Amino acid sequence: MDGESRNGRFVGLVLVSHSAAIADGLAELVAQVAGPSVPIVAAGGGPDGTFGTDGGRVLAALQEAARSGGAVILMDLGSSVLSVRAALGELPEETIALLRIADAPLVEGAIAAGVTASTGGSVDEVLAAAQEARTVAKF
Amino acid sequence: MPNSETERRATLPNEVPLHARPAGDFVRAAAQFPAEISVAANGKCANAKSILEILALGALGGTELVIAASGDRAAEAAEHLAGLVPHLG
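Chains as they are written, first to last, in the working numbering: chain A, 1 to 139; chain B, 140 to 228.
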């Protein structure tokens, strides 16, 4: 795709869920479909292994994703969205510029985003692929 | 002939439905080409570069896919993808 935007690196994904098992399992599933080249950071569950979201873990995930060159963030719902927004508020502008938040169903959006990232797509192309999951029928 | 359309037909291996992993391989191959590429099967048509549309075709093993490409390097794209389909796994 547009080679100038990727610098030989692949856009990554950050997966935020109330459940560590959902985030970790989805990361494995996306890696199966998209291949090993796409960096995926899972940030699931609350502190101490509870269900919920952990603002510190989400912030660390966004920082890690930005270090690897840019990423699209996918969330399940509710406080996952709030914790991502709060974490973005902690980050400098140049880091935020590397990240995009996808308003998309988590599983379908992550699969679509992962595959597009694996083709070398730019962060905006990966975002568009994730958000396509809002409208593409399943069958 | 940048705008000519090329159509190729190819059949999935009997034991390989176009589900997540093979569909991912197909989409990655399609994305290498600048051409607009569609895949038709079961009376539906999908953008070859969209895994969600490809999965929604619901193509089972042994299904014949009709690959149509137009635009830049269309013939090469259709040829390449038609050659890939029987080897998906």
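Derived by calculation from the structure, the hints in this document are not laboratory data.
A few of these clues could be false.
[Unchecked claim] If you want the ones that stay clear, here's a sample from chain B, every Cβ over 12 Å from chain A, calculated: (1) R147; (2) A149; (3) A179; (4) S209.
[Unchecked claim] One side only, chain A facing chain B, incomplete, derived with CB under 8 Å: (5) S19; (6) A20; (7) E108.
[Stated by the list, open to error] Here are the simulated distance ranges between beta carbons: (8) B/E218 to A/E93: 42 to 52 Å; (9) A/K138 to B/Q171: 18 to 28 Å; (10) B/R148 to A/G89: 46 to 56 Å; (11) B/H226 to A/R9: 43 to 53 Å.
All values reported here derive from a predicted model rather than from experimental measurement.
Every residue gets a Cβ at the ideal spot worked out from N, C-alpha and C, and that includes glycine.
key: chain A versus B/A149 - minimum CB to CB distance exceeding 12 Å, so not interface   = holds (20 Å)
task = Say whether it holds or is violated: B/A179 keeps its Cβ farther than 12 Å from all Cβ of chain A.
result = B/A179 clear of chain A: closest Cβ-Cβ about 16 Å, beyond 12 Å.
query = Quick one, is the A/S19 hint okay against chain B at 8 Å, beta carbons?
reply = Violated: closest Cβ of chain B sits about 21 Å from A/S19, beyond 8 Å.
ask   = At the C-beta level, are A/K138 and B/Q171 separated by a distance inside 18 to 28 Å?
value = holds (27 Å)
request  = Go ahead and decide if the range 43 to 53 Å is satisfied by the Cβ distance of B/H226 to A/R9.
outcome  = With Cβ atoms ~29 Å apart, the hint is violated.
Supplied distance hint 46 to 56 Å, evaluated on CB atoms of B/R148 and A/G89 = Holds, since B/R148 and A/G89 (Cβ atoms, about 53 Å apart) stay within the stated range.
task = Over 12 Å to the closest beta carbon of chain A is the bar; see if B/R147 clears it.
result = Check passes; 21 Å lies beyond 12 Å.
query = Is the interface hint for A/E108 satisfied, with its Cβ closer than 8 Å to some Cβ of chain B?
reply = holds (6 Å)
task = Given the hint of 42 to 52 Å, check if B/E218 and A/E93 actually sit that far apart at their C-beta atoms.
result = Given a distance of about 46 Å, which is inside 42 to 52 Å, the answer is holds.
ask   = Should the interface hint for A/A20 be scored as holding, given a Cβ-Cβ cut-off of 8 Å against chain B?
value = violated (23 Å)
ask   = So is B/S209 really clear of chain A, every C-beta pair being over 12 Å apart?
value = holds (18 Å)
In the structure shown, a violation is registered for the earlier hints numbered 5, 6, 11, in ascending order.
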